[in-house]
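Those protein sequence lines, which keep their order, are chains W and S. Just so we're on the same page, our numbering is the position in the first sequence counted from 1, plus 4. Just so we're on the same page, our numbering is the position in the second sequence counted from 1, plus 6.
It cannot be assumed that every hint is accurate.
[Said to hold, decoys possible] Stretch-level coverage of chain W by chain S, calculated; a stretch enters the list once three of its residues show a Cβ under 8 angstroms from a Cβ in chain S:
#1 50-60
#2 69-79
#3 160-174
#4 182-192
Treat the hints as calculated values from the structure; they're not laboratory data. Since we're looking at a predicted model, the values are computed, not measured. Glycine included, C-beta positions come from ideal geometry on N, C-alpha and C.
Okay, here's what each chain looks like letter by letter:
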Amino acid sequence: MDALSDPPVPRPGEDPERDRVAIRAVARGSGDAVAELYDRYGATVYGLALRVLGQPDLAEEVVQDVFAQVWREAGRYDASRSTVAGWMVMLTRTRAIDRLRARQARPDLTAAVDTSAAVPLASADRTPETTTIVAEDTRLVRGALAQLPDQFRSLIELAYYEGLTHSEIAARTGIPLGTVKTRLRNAMGSLRSALA
Amino acid sequence: MTHEQLRDLLPALSLGALDADERHEVAAHVSTCAECAAELAALERVVDGIGLDASPVTPPPALRGKVLARIEDERAGKATAMSRMPVPARMAQPVRPLWANGLALAASIALAVGASLYAWALRSEISILRQDVSATSDEASKLRGELATLRRNWVEVTKAMDVLRAPDMLKVDLKGQATLPSGTGRAFWSRSAGLMFTAEGLPALPQGKVYQLWTIKGAVATGAGTFVPDAGGAASVTAVVSATAEVPDAFGVTIEPSGGSATPTMPIVMVGGTK
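Hey, can you work out the whole structure from these sequences and the hints?
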């Protein structure tokens with residue numbers, strides 16, 4: 005596994021082919037490859053879980069669950085459907101939202117709704133070096149997200165980080181359903197254009 | 007929903023923000039629409055990008071060891087209590103698996119749609135075949151009719167030939183009278199072979215009227231067949247002659263109701279004498 009651990013270690017999403025090599029190694033039972041993926045994506049997975057759940061202990065559990073799932077399901081990873089980075093982010097989001105939903109109540113729930121309190125996606129937690137070398141898609145999406153008006157970005161965040169549907173967002177925010185649909189569509193359209 | 011309406015919901019689908027009913031409908035559409043499938047793939051890249059952009063946070067150093075220990079547990083088949091927790095409903099249907107479920111649903115819908123399309127195509131095929139059979143049947147019926155006509159004609163021709171070849175054949179020309187100046191006719195009479203009559207220049211008759219040929223002997227007129235002229239005003243008729251019939255004095259044609267009459271209705275429109 006020396007080849008896999010040769011420096012420099014690629015950052016999240018930076019080297020999709022190297023990610024795929026690692027996933028295939030995981031599928032063959034390589035614990036070292038799991039470690040490599042953890043070193044590359046641990047902060048991404050933890051950061052996303054923390055963002056969704058707001059509690060470090062729960063976020064840590066999600067990280068363990070995600071890498072356990074990667075271990076079990078590496079053989080089912082479909083490179084034609086998404087990058088390894090995208091897959092892991094999807095797994096993380098799903099796990100975290102499941103835990104979020106499983107909780108009876110969430111004290112800081114309203115904070116997430118308050119758009120003025122919404123944490124910017126490119127937050128101070130992001131280390132400067134990381135922000136310069138994430139995948140191109142991510143860079144473009146971040147740029148487009150940053151340009152979105154809060155009222156649009158907040159809807160994407162409610163959908164993405166809390167897994168809310170149109171009608172749930174409408175119920176949560178009091179924004180009419182039709183408006184929610186239109187804003188979400190337009191917001192995603194803006195991000196989509198950034199990738200085009 | 008129209009293609010445009012469904013396409014407008016793709017962003018929400020990619021985010022997992024569609025409510026169930028819409029999700030199923032959009033997913034079903036995507037499975038059959040290349041344009042929307044491509045758009046959804048692009049949107050999923052956006053969604054992946056959002057997640058990757060989500061504020062990486064350096065985890066506590068101890069977490070790495072926990073993760074790797076967990077993997078060793080998994081390898082040893084000692085799944086932790088956490089991983090053996092009952093799977094919450096939503097976990098069983100995570101975002102992309104939801105989409106996958108949507109795909110499965112879409113596939114089953116596509117299958118159902120495909121099956122009904124297939125059934126529809128079969129029904130259409132059957133309908134067409136029925137029409138073909140019906141048309142073929144009509145054609146066969148028409149051909150049978152033509153064959154019958156040809157056979158009748160052949161019989162008529164044979165009869166006519168017999169009459170013309172008969173040694174006792176008598177030929178009589180008929181002339182149109184004042185009421186039918188254009189008409190001309192010719193009768194061939196043989197006691198042994200029968201009677202053949204041809205005519206030309208016959209005007210078409212009103213509905214329900216026919217021409218009727220008569221053999222006349224003395225004061226007695228005997229019906230020898232009815233006929234209707236063709237579009238060209240020509241007609242022919244054959245008739246059997248009684249073996250005991252006397253040679254007629256004349257032949258005449260009258261206009262009678264369909265089916266003919268027992269005695270001629272005046273006036274006689276064509277007439278010709280044997281002497």
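Original post:
If you look at each residue in the region 69-79 of chain W, do at least three have a Cβ nearer than 8 angstroms to any Cβ of chain S?
Top reply: Coverage by chain S holds for the region 69-79 of chain W (5 residues, Cβ < 8 angstroms).
Subject >> Cβ contact check, 8 angstroms cutoff: the region 50-60 of chain W against chain S, three residues minimum >> reply: holds (count 6)
**OP:** Take the region 182-192 of chain W, compare each residue's beta carbon with every beta carbon of chain S, and decide whether three or more fall closer than 8 angstroms.
**Re:** holds (count 5)
**OP:** Quick one: see if chain S covers the region 160-174 of chain W, three-plus residues with Cβ-Cβ under 8 angstroms.
**Re:** With 10 residues close enough to chain S, the hint holds.
Violation of the numbered hints given earlier is absent; every hint is satisfied by the structure.
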